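Asker: Below are the chains, spelled out letter by letter.
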Amino acid sequence: MSLLLAGLTVLMIGDSHMATKGYLISTLHDDLMQQGAKVYSYGSCGTPSGAWMKAGKTACGAAFRLNDGPVRERQGEAAVTRSLPDLVNEVHPNLIVVINGDTMAGYKNPTMPKSWIWGEVSTLTKGIAATGASCVWVGPAWGSEGGKYGKTFARTKELSDYLADIVSPCVYISSLNMEKPGEWATIPGDGQHYTYSGYQSWGDAIAKQIVSSDVLQKIKH
Amino acid sequence: MKIVYLAGLFTVLLGSSAAVLAEPQLYETGPSEVSSYVRFVNATDAALEITAAKGAKIALSAAADGRASRFFTVKSGVKLTANVLSNGRKTTVEVSGKPWEYITVAILPGDAAKLKTQLVRETPDDFNAMRASVSLFNLDASCAAATLQGGAKSATILEGVKPYTVQRRLINPVKLSASARCGEPPAEVDLGQLEAGGRYSVFLMNLKKTRQAWFVRDAN
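From first to last, the protein sequence lines stand for chains A and B.
All letters in the first sequence, in the order written, are residues 1 to 221 by this note's numbering.
All letters in the second sequence, in the order written, are residues 222 to 441 by this note's numbering.
Some hints here could point you the wrong way.
As the list claims (entries may be wrong) - Below, a sample of chain A positions facing chain B; criterion: calculated Cβ distance under 7 Å:
{"hint": "1", "residue": "Ala105"}
{"hint": "2", "residue": "Lys148"}
{"hint": "3", "residue": "Phe153"}
{"hint": "4", "residue": "Lys157"}
{"hint": "5", "residue": "Tyr172"}
To be verified - Computed cross-link-like contacts, DSSO-like style, restricted to lysine-lysine with a CA-CA straight-line distance of at most 30 Å:
{"hint": "6", "chain 1": "A", "residue 1": "Lys114", "chain 2": "B", "residue 2": "Lys396"}
{"hint": "7", "chain 1": "A", "residue 1": "Lys54", "chain 2": "B", "residue 2": "Lys296"}
{"hint": "8", "chain 1": "B", "residue 1": "Lys319", "chain 2": "A", "residue 2": "Lys114"}
{"hint": "9", "chain 1": "B", "residue 1": "Lys337", "chain 2": "B", "residue 2": "Lys430"}
{"hint": "10", "chain 1": "B", "residue 1": "Lys296", "chain 2": "A", "residue 2": "Lys108"}
{"hint": "11", "chain 1": "A", "residue 1": "Lys157", "chain 2": "B", "residue 2": "Lys319"}
{"hint": "12", "chain 1": "B", "residue 1": "Lys296", "chain 2": "A", "residue 2": "Lys126"}
{"hint": "13", "chain 1": "A", "residue 1": "Lys21", "chain 2": "A", "residue 2": "Lys57"}
{"hint": "14", "chain 1": "A", "residue 1": "Lys54", "chain 2": "A", "residue 2": "Lys126"}
{"hint": "15", "chain 1": "A", "residue 1": "Lys114", "chain 2": "B", "residue 2": "Lys300"}
{"hint": "16", "chain 1": "A", "residue 1": "Lys57", "chain 2": "A", "residue 2": "Lys114"}
{"hint": "17", "chain 1": "A", "residue 1": "Lys220", "chain 2": "A", "residue 2": "Lys180"}
Honestly, the hints are just simulated from the structure, not real lab data.
Bear in mind that the values here come from a model prediction, so they are computed numbers and not experimental data.
Heads up, the beta-carbon is just placed ideally off N, CA and C, and yes, glycines get one too.
In isolation and in its complexed conformation, chain B is listed as follows (with noise of 0.2 Å):
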């Protein structure tokens, strides 16, 4: 009988509000470590190769779809430093990033001794699953407001880019070909099908006194 009442007992207390479960270990609501994001882009008209301290390679070429890394993660707020090197010239860039950061590290022709480098730092908080986020970096110094034109009739999607800045939007993930502005003649850029979810870089750069423009899909 006295099993009877234990098992009925226990029963009533699982049912009722006041039944105590156990609980878990205490854990972090979050990431263990605060990241920034850091890729390079090479902007000239040569193949370079830039090397991390720790020996690691990454080879761009002056083809668009070899122009940009993918974003690596770093520890943020740590320095890094990276040679670039590219037909014989050379520089050192270092980079230190802010919590959740996105550094986009522009390679540039420079002058016949050494090539520049130019740190455009965007932190973006338009992440959608549903919609398409396109993006105008303008590294061209002499354009002091770019502007991305696209679809059918030409629509603003972006304007007033400054040099070495970033401007994003979200947009419907439809067929796109855009233009990057800067005056006339515009520099014509297809991004095809734009993917939801999908994050997209347009670059507008200045190479031998042409503007041209080409994009990257962006990747971590």
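With the rest of the complex left out, here is chain A (with noise of 0.2 Å):
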């Protein structure tokens, strides 16, 4: 149990790695509730930050958790994203956790497109500044190279780099510290998404950087 966590509201969104259930809809949400928050977790596989600023439908699969509930995965045309506007003013957090790096990655381009990363970014970061919650932003873990997204170390890296100038007033928090690359095993084939005990060492890490974080210094209570 965390003092400085417990008793809070925390808001997770993101994107695959929050959508299917064992994936850090289980793992971190699992954890952050064992340090006391109250948890309410949302995943929208395939959606880059700005596309959390409305409803819509999301590209491959979508999953909710409430709390101590189970993971809903929704998928084909149930398979949408609710605004964070929306959640917000459901929900009230104190605190909310952005997951999303990798949907904005451009992996099988020769260059990252920054300009559209940035505007992607700066959307869902106005949004969160004026809902006056706090906010952590994770960014990309190393994942494996190759595999069907073509997912490399160096644009994990770049990626990352660029994340952590651009998410203000998010507090950025890096996965690549949390591993060596291609420490955690990914699914076969895949690179970018891990098995069951890469997101058990990944929700792990992350709750661990969320407890230390100063951001929790600064919520009221």
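Combine the two chains into a complex, taking the hints into account.
Answerer: Here it is, written out as structure tokens:
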């Protein structure tokens, strides 16, 4: 139990790493609950940051989990994203956790689309700033090189470094110090999504970073 | 007993490193389309109207706060045409952008018969949410190297900006009064309190042999 996290309401939104049972919507969500927080998680597969500012369909599935309830997955027509302002009005979070990076990396493109990423990220950070809630932004993890998304360590590092510059007022949490490149196993042929043990390790490491983050010191209980 | 055994096995599998999770459908990790960004700037002393091929119209005034349009997102590589009209004079401009390029279409006084246009291109990579990005656009053909100075000590922010080019620099988000210089006298411009993450364009231009500067906060 964390004295700083206990009693807080946490809203987590994220991409595919949050949109399947056994991914961070299970592991990180459990970790934050065990630290005493009320946690509401929403995942939207394939979604870039700016899409969270309005409701819409997702590219490849969605999931949500309300505190100690089960993970509810949605596919096809039922896979929709609720907007951040809508979720904030319902949940009233003290802390918003954003898990987003890989969906904007352009792994198969020779250059990273910086101006597009800037537009996506700043659309969401302006929306978060307007809510008055504190915020942390968790960047991409190493994963494995290759796979069907074309992930590379170099682009992952480039994206993580870039996100560190552009997610303010959110506090950036780099995932790259949590493992050695390629250390946690990914799904064979995928490269981007971890096996259960990988998501356990990643979730534990993120929770540890959040608990020790200065951002919690600034939240009024 | 069999049910209990299977449930136990399931628990063991979920907790083991070998547990196989559902795999998401493949998705793109980037934009669905490569874009460029185009804006129009009125560097004349009269109001003007820009009409795109599809009929959309933009009106730009000759006052500092109405001289620039926002950046419009366009498909990269596609040639776009727009007609510019001011006081009975007109011209046509064609624009095609490289991937993620920002293009400023400057409309200049030209001559009695025709307006002149000049494209200023940049592909910035200095996006930063903790600092402010300040740029100087030199729209004065007679100024070979423009300088932007600012702050209490008139520090040089940007220098050597050639005609119809732009330079950009990240600075701390402070209150900024600046001078766009090309010899004397300088053209003063007050940008006020800069915002972290804000992107600002200062334009230096020459109207009727008088240099003047104004600024706009870039917007998409």
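Asker: Go through the numbered hints given earlier and state which of them the structure violates, listing their numbers in rising order.
Answerer: 3, 4, 5 and 17
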